[in-house]
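> The residues making up each chain are set out below.
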Amino acid sequence: MQVTFSIYRFNPATDQKPRYQDYVVEYERGWTVLDGLNEIKWKQDGTLSYRRSCRSAICGSCAMKINGFNYLACFIQIEHLKAKKLVIEPIPGFEIIKDLIVDMEPLYEKLESIVPFQVNDNPPPDRERIQSQEDFKKIEVSIGCILCGICSSSCPSFWADPRYVGPASLLKAYRFMADTRDEGDFERIPIIDNKHGLWRCHTIFNCKDACPKDLNPTAGIAELKKMVMYSKY
Amino acid sequence: MVHQHDVVIIGSGLAGLRAALEVSKVADTAVITKVFPTRSHSGAAQGGIGASLGNVDPEDNWEFHMFDTVKGSDYLGDQDAIELLVRSAPKDICELEHLGVPFSRTDEGKIAQRPFGGHTLRHGEKAVNRACYSSDYTGHVILHTLYEQSVKNHVRFYSEFQATYLIVEDGICKGVVAWDCIHGGLHLFHSKAVMFASGGYGRAFKITSNAHANTGDGLSMVLRAGLPVQDMEFVQYHPTGLYQQGILVTEGARGEGGHLLNKDGARFMEKYAKTLMELAPRDLVSRSIQTEINEGRGIDGKDYVHLDISHLGEKKIEELLPQVRELTMNFVDVDCTKEPIPIQPTAHYSMGGIPTTVNGQVVSDGKGTQVKGLFAAGECSCISVHGANRLGCNSLLDGVSFGARTGRRISAVIDQLELLDYAPDHLKTAQEEVDFLMNSNGKEKVGVLREELQTSMITNCGIFRDEEKLTKQLQIIKELQKRFEDIKIDDKSMVFNTDLTEAMELKHMLDFVEPMVLGALQRQECRGAHWRTDHPQRDDVNWLKHTLAYKTPEGTRFDYRPVVITRFQPKERKY
Numbered sequence: 000m001q002v003t004f005s006i007y008r009f010n011p012a013t014d015q016k017p018r019y020q021d022y023v024v025e026y027e028r029g030w031t032v033l034d035g036l037n038e039i040k041w042k043q044d045g046t047l048s049y050r051r052s053c054r055s056a057i058c059g060s061c062a063m064k065i066n067g068f069n070y071l072a073c074f075i076q077i078e079h080l081k082a083k084k085l086v087i088e089p090i091p092g093f094e095i096i097k098d099l100i101v102d103m104e105p106l107y108e109k110l111e112s113i114v115p116f117q118v119n120d121n122p123p124p125d126r127e128r129i130q131s132q133e134d135f136k137k138i139e140v141s142i143g144c145i146l147c148g149i150c151s152s153s154c155p156s157f158w159a160d161p162r163y164v165g166p167a168s169l170l171k172a173y174r175f176m177a178d179t180r181d182e183g184d185f186e187r188i189p190i191i192d193n194k195h196g197l198w199r200c201h202t203i204f205n206c207k208d209a210c211p212k213d214l215n216p217t218a219g220i221a222e223l224k225k226m227v228m229y230s231k232y
Numbered sequence: 000m001v002h003q004h005d006v007v008i009i010g011s012g013l014a015g016l017r018a019a020l021e022v023s024k025v026a027d028t029a030v031i032t033k034v035f036p037t038r039s040h041s042g043a044a045q046g047g048i049g050a051s052l053g054n055v056d057p058e059d060n061w062e063f064h065m066f067d068t069v070k071g072s073d074y075l076g077d078q079d080a081i082e083l084l085v086r087s088a089p090k091d092i093c094e095l096e097h098l099g100v101p102f103s104r105t106d107e108g109k110i111a112q113r114p115f116g117g118h119t120l121r122h123g124e125k126a127v128n129r130a131c132y133s134s135d136y137t138g139h140v141i142l143h144t145l146y147e148q149s150v151k152n153h154v155r156f157y158s159e160f161q162a163t164y165l166i167v168e169d170g171i172c173k174g175v176v177a178w179d180c181i182h183g184g185l186h187l188f189h190s191k192a193v194m195f196a197s198g199g200y201g202r203a204f205k206i207t208s209n210a211h212a213n214t215g216d217g218l219s220m221v222l223r224a225g226l227p228v229q230d231m232e233f234v235q236y237h238p239t240g241l242y243q244q245g246i247l248v249t250e251g252a253r254g255e256g257g258h259l260l261n262k263d264g265a266r267f268m269e270k271y272a273k274t275l276m277e278l279a280p281r282d283l284v285s286r287s288i289q290t291e292i293n294e295g296r297g298i299d300g301k302d303y304v305h306l307d308i309s310h311l312g313e314k315k316i317e318e319l320l321p322q323v324r325e326l327t328m329n330f331v332d333v334d335c336t337k338e339p340i341p342i343q344p345t346a347h348y349s350m351g352g353i354p355t356t357v358n359g360q361v362v363s364d365g366k367g368t369q370v371k372g373l374f375a376a377g378e379c380s381c382i383s384v385h386g387a388n389r390l391g392c393n394s395l396l397d398g399v400s401f402g403a404r405t406g407r408r409i410s411a412v413i414d415q416l417e418l419l420d421y422a423p424d425h426l427k428t429a430q431e432e433v434d435f436l437m438n439s440n441g442k443e444k445v446g447v448l449r450e451e452l453q454t455s456m457i458t459n460c461g462i463f464r465d466e467e468k469l470t471k472q473l474q475i476i477k478e479l480q481k482r483f484e485d486i487k488i489d490d491k492s493m494v495f496n497t498d499l500t501e502a503m504e505l506k507h508m509l510d511f512v513e514p515m516v517l518g519a520l521q522r523q524e525c526r527g528a529h530w531r532t533d534h535p536q537r538d539d540v541n542w543l544k545h546t547l548a549y550k551t552p553e554g555t556r557f558d559y560r561p562v563v564i565t566r567f568q569p570k571e572r573k574y
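For the protein sequence lines, the chains are A and B, in the order given. Here numbering that gives the first Met the number 0 is used: the first residue of the first sequence is 0, the next is one more, and so on. Here numbering that gives the first Met the number 0 is used: the first residue of the second sequence is 0, the next is one more, and so on.
Hints are supplied without guarantee of correctness; some may be wrong.
Stated by the list, open to error - Here are the computed lysine-lysine pairs in the DSBU-like style, where the Cα-Cα straight-line distance is at most 30 Å:
{"#": "1", "chain 1": "B", "residue 1": "Lys442", "chain 2": "A", "residue 2": "Lys42"}
{"#": "2", "chain 1": "B", "residue 1": "Lys477", "chain 2": "A", "residue 2": "Lys42"}
{"#": "3", "chain 1": "A", "residue 1": "Lys212", "chain 2": "B", "residue 2": "Lys205"}
{"#": "4", "chain 1": "B", "residue 1": "Lys442", "chain 2": "B", "residue 2": "Lys491"}
{"#": "5", "chain 1": "A", "residue 1": "Lys212", "chain 2": "B", "residue 2": "Lys491"}
{"#": "6", "chain 1": "A", "residue 1": "Lys81", "chain 2": "A", "residue 2": "Lys137"}
{"#": "7", "chain 1": "B", "residue 1": "Lys205", "chain 2": "B", "residue 2": "Lys301"}
Stated by the list, open to error - Pairwise CB distance ranges, derived in the manner of DEER restraints:
{"#": "8", "chain 1": "B", "residue 1": "Asn152", "chain 2": "A", "residue 2": "Met228", "range": "26 to 36 Å"}
{"#": "9", "chain 1": "A", "residue 1": "Gln43", "chain 2": "B", "residue 2": "Pro535", "range": "43 to 53 Å"}
{"#": "10", "chain 1": "B", "residue 1": "Ser439", "chain 2": "A", "residue 2": "Lys83", "range": "35 to 45 Å"}
{"#": "11", "chain 1": "B", "residue 1": "Arg266", "chain 2": "A", "residue 2": "Ser230", "range": "19 to 29 Å"}
Since the hints were made in silico from the structure, they are not lab data. C-beta atoms are modelled at their ideal positions from N, C-alpha and C, and glycine is treated no differently.
Make a model of the complete structure from these sequences and hints.
Structure follows, in structure tokens:
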């Protein structure tokens, strides 16, 4: 089977402006888009640059825009895209470093800003802290996040407001604020309760639709909005 | 550019991050990592982390865990190290829980535990619930929690820096050189101590569960510095990799009750491990699968068998094995709640590695001489707690437990270590390698050489080995090493040059596969994952010892290190 990859190319050392380069790939059943990119890099053009590592949808390295939608390249089969031509571009909302590689630092900085760790200053017991299965389920919906950045990159509010912390960070805030073992609400609420935090989300569900791990940041943000409201009244 | 830090840790998986949390309390600590920390491959571990917490089986204890680990290692594991590991395991897991790791829970709200291969009650009587888990995202949630704690503790990261060269002079480690992947350029990290936590070498094989990043860079850096690597011939094949992809399907799938079936629909493990069946250790299960395939009982006569979990029901699979469902759907178009999963053994774990003491101090010979200022933990190290075959859920434990232990050791001795002057030529030597790759204008491509290496390693140094195949592989490696001298990379630019970094990684692999294959060639016995069809017995008289391999101008030189035996004398290994 044959497919054309039309790939966004930009090398800051040599290119004045970006261009699209086409590569024809012979692929086999079961190949992912990442397999196709590897075939190009390893056999046709070693200059093609992209991030990848685990190739099993857990490291979150290979987020890119494929025919207009954000995916993990390793987690979508070429055949499933049902197209003769695949237009591959960097994920939007981030500065481009080279080809499909973007600067993820803003994502990490925003994540760091929301106190992304368990806050609990009580001396721990000898054994584990007890948590019910029901309470674990409340956080289980958010712990699968792989920080690929696809949700934030799919969010128009994230594109429009450079200070918006974005759905990935807010889902992480929810992960801790819903955790019975965490006591960091008073630290986090002032950080997220403002127009560059929670209230920048306009509930359009782009993040939920795009998440490759089927998580629902919109629902997490809605829960956070409730928590913040309850904390005030 | 030259940086100075008290301690430099290479790698940001479980071992590196856990160590960093300890060391950063008392010393200026930097972590160099070629991928952003949460993208490390520890996150791909699915099924569990072992500890005799006894939350489900109250009679479980560390002594049972120790026996299983020793027997699983085919008696090559060092029993002093294993005892330390299993005794501290319950405390180590509770520490993780206190840091915020979200574990699945029992009815009483304790950490949930499930059965895993080779873990038993009362020295093999029956399978035990010992693997602590978070559905099938255990490695992922521990990795992310340790990263979160690193943020809390202001650990300094050099993300997307690829370590290339280790500075060792007269048995003293003085730092490391790394390539800045984003901007290009070499950086010298001058330090009092260096710790390797750089992971495994599964990428030397074509079918592997490992990430593209797992190219064993740390091992060849150590070899090039004149130091040995240990037990490299022991490579674990995980029994259940997705067919043709090699992507991991957790042992937890069998722990929860999954069956292995051949083309006749028979649970063939009955023939090979009557008591533990599918929950026998990985070396045994992988060999059994490969035997079924080799004898024509693969599905449709092809080189795979079935892993069937459909009888567990959709509800249980969604709750306990959601990632398995997601992976099988997306990669092999199989809904595992209704159909069996096509699987084949996949290169998974490196038992061998950088030899260390139980405190993570790197040693340079069979007598245990320590290299001042150099430490290692996790998959890149060989303490050895896994011996000839690692049990499932013992690797996350190894990373966390010996990561912490090594971190505490570095913290304890850092005041006695100094920032010593180093010779001026190290950066030049490291730069020469980069210049060679950037300027070389040969006719060989990285992708082509690497694929030839990976394919031939599976064929000739795989589950079943013999002298003929290994000798042939040695020849292939020599030729590939020679052809590498005629390499050409397409990308000559500084910014994010993955063509260059892949070439560096290939060179690492070409360096360490030689002692691996030579070690396999000279070890004329069957032990754990090392199976010589031409020498089908374990040979305790000649081979109950660790292999140390050195890279010298005259070729690979071997030395040996005794196995520490305390509580359990070697016995025949049956399951």
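> Now tell me if each hint is right for this structure.
Against the structure, the hints come out as follows:
Taking the CA atoms of B/Lys442 and A/Lys42, the gap is near 13 Å; set against the 30 Å cutoff, the hint holds. Restraint check for B/Lys477 and A/Lys42: satisfied, since their Cα atoms lie roughly 23 Å apart, inside the 30 Å limit. Restraint check for A/Lys212 and B/Lys205: the C-alpha separation of about 27 Å stays at or below 30 Å, so the hint holds. Taking the CA atoms of B/Lys442 and B/Lys491, the gap is about 15 Å. The hint holds against a cut of 30 Å.
In summary, the hint linking A/Lys212 to B/Lys491 is not supported, as the alpha carbons are separated by about 36 Å, beyond the 30 Å threshold. The straight-line distance between the Cα atoms of A/Lys81 and A/Lys137 is roughly 37 Å, outside the 30 Å bound, and the hint therefore fails. Our distance criterion of 30 Å between C-alpha atoms is met by B/Lys205 and B/Lys301, whose separation comes to about 17 Å. A C-beta distance of roughly 33 Å is found between B/Asn152 and A/Met228, which places it inside the suggested range of 26 to 36 Å.
Between A/Gln43 and B/Pro535 the beta carbons are some 46 Å apart, a value that agrees with the proposed interval 43 to 53 Å. Range check, B/Ser439 to A/Lys83: about 38 Å between beta-carbon atoms, so the 35 to 45 Å window is met. One distance hint, 19 to 29 Å for the beta-carbon pair B/Arg266 and A/Ser230, is violated here, with the actual separation near 55 Å.
Of the numbered hints stated above, those contradicted by the structure are hints 5, 6, 11, listed in ascending order.
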